[in-house]
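Chains as they are written, first to last, in this note's numbering: chain A, 836 to 1098; chain B, 836 to 1098.
Covered stretches of chain B (chain A as the covering partner; in silico rule of three or more C-beta atoms under 8 Å from a C-beta of chain A):
1. 842-852
2. 871-879
Derived DEER-like restraints, expressed as beta-carbon distance ranges:
3. A/Q1006 to B/R898: 53 to 63 Å
4. A/E991 to B/R838: 14 to 24 Å
5. A/W872 to B/G971: 40 to 50 Å
6. B/A1028 to A/A1002: 45 to 55 Å
Sample of chain A residues at the chain B side, in silico, Cβ under 8 Å:
7. E844
8. A846
9. Y874
10. I876
11. D880
12. D883
13. R1045
14. R1049
15. W1057
Simulated from the structure, these hints should not be mistaken for laboratory data. Being a predicted model, the structure only gives us computed values, none of them experimental. Idealized CB from N, CA, C, for every residue including glycine.
2 protein chains.
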Amino acid sequence: MTRDTLLAEAALRVGDAFGEMLQAAFYEMTIDPDARWTYDIVERDDGDFLVMPGTYWFEPPARWPAHVAAGVDKARGRVLDVGCGAGRHALPLQERGAEVTGLDTSPGAVRLCRRRGLRSVLLATVADHTAADGGGARYDTFLLLGGNVGLLQGREHAPELLGALAAMSAQGARIIADSLDPDVLGRLDPTHAAYAELNRRRGRMPGQARMRVRHKTMTTPWFDYLYCSPAELGELAETAGWRVEEVLPSEGPSYVATLVRSV
Amino acid sequence: MTRDTLLAEAALRVGDAFGEMLQAAFYEMTIDPDARWTYDIVERDDGDFLVMPGTYWFEPPARWPAHVAAGVDKARGRVLDVGCGAGRHALPLQERGAEVTGLDTSPGAVRLCRRRGLRSVLLATVADHTAADGGGARYDTFLLLGGNVGLLQGREHAPELLGALAAMSAQGARIIADSLDPDVLGRLDPTHAAYAELNRRRGRMPGQARMRVRHKTMTTPWFDYLYCSPAELGELAETAGWRVEEVLPSEGPSYVATLVRSV
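From just these sequences and the hints, can you work out the full model?
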């Protein structure tokens, strides 16, 4: 490891890099709709990056892929948008008259949702939110979109998160979630296939990514984020009293799955 | 430093990350003109990233900023495109009938230029190319575009590079070069101002960036790349027998400068 690497690492401040990026993109979009200087930069622990334009997190319904739009259309009743980001899905749902609450652990994301007019938004983890107000059957729909199947993290954490959602579920509640199928990713890109193999060797799920978000000289802590196939999602759901009801595929690795309570 | 960081660094292979990125973008563009999965990711040693869409390096003249298009229009006679990349400027010049040679140290970039139809393209440094064939007044125009004032690296290397170009200069030869002005960058973004200050403290020019290009799990070695103001460029030029003839500004940090021999 070179001195340059040490400098680069030493210079990084740990903080809300995702929220800072969202805010930078938001303000840049006011002068340049394409916000060409701001990117969402996600570093994986094999050194690979997932890069998306900052504008991605603000795309209106007209630009959503068809399977995502179809997934959002399934939202009913009281909606909890888990990991709501800048409010990409929550704000259009609110405009359609839905009763929607945004939840995020990024202070910058939460500030931005408030500023953009989302009436109900909370800076909290799902566990915090479940514990608050004595729990209870508060929601009819949970959104885990923008790849937020990832929040299941892996085999250990998935039952906790799915259990917490179950504890807040009204009768007939549904989870609407999307992910990228690591098997499809691996066929498209040998780097992803090699990463899946590395994960198998270290006892992790193939698509269990260890990542951090980078923005300017700020980084989030490293965190686990899960990419899984519909079949793997079904297995994780089963351990926590949910089952996959429907899978909406796309032409690529992305899919939307809906889950309902199985017990 | 965490174990994740060690894994990320250890997993990196040193190689032609820029050329690999260009080729990935090129093939992706054949199925998706926006090549939304491929980005040019440049890491700076303060941890910041400069990210550009891979498609940036393929933009046709109609998409060039006005000051860059005006700069390219000044090319006359035999042209050497220093750091030609995918041939963004060299190919249109060739189509206009210019006698243009592309020069790059990236094997992937050189392969791509050949594949895209650039007739004269060399895998070599400027120093190698100057030494070859006994030198001589071979060129009327040198292009240092796409930020390639950067190839001057800093105060130490600039006279070497400018001297090597001088050695290949025909009577009346001109350099057409572009850069980002670090003073303007610093006013737009405090991260760049802090980096300039870090550079001053360690005895470097304010815009002397220590960088590497990342692609998938490949990285180039760290290298110095210079961003300088027109005034700083003038000072560097003077030490090597060139002078700034004209500066074509833009609304932002980018500018094009033309240089002619002063001796």
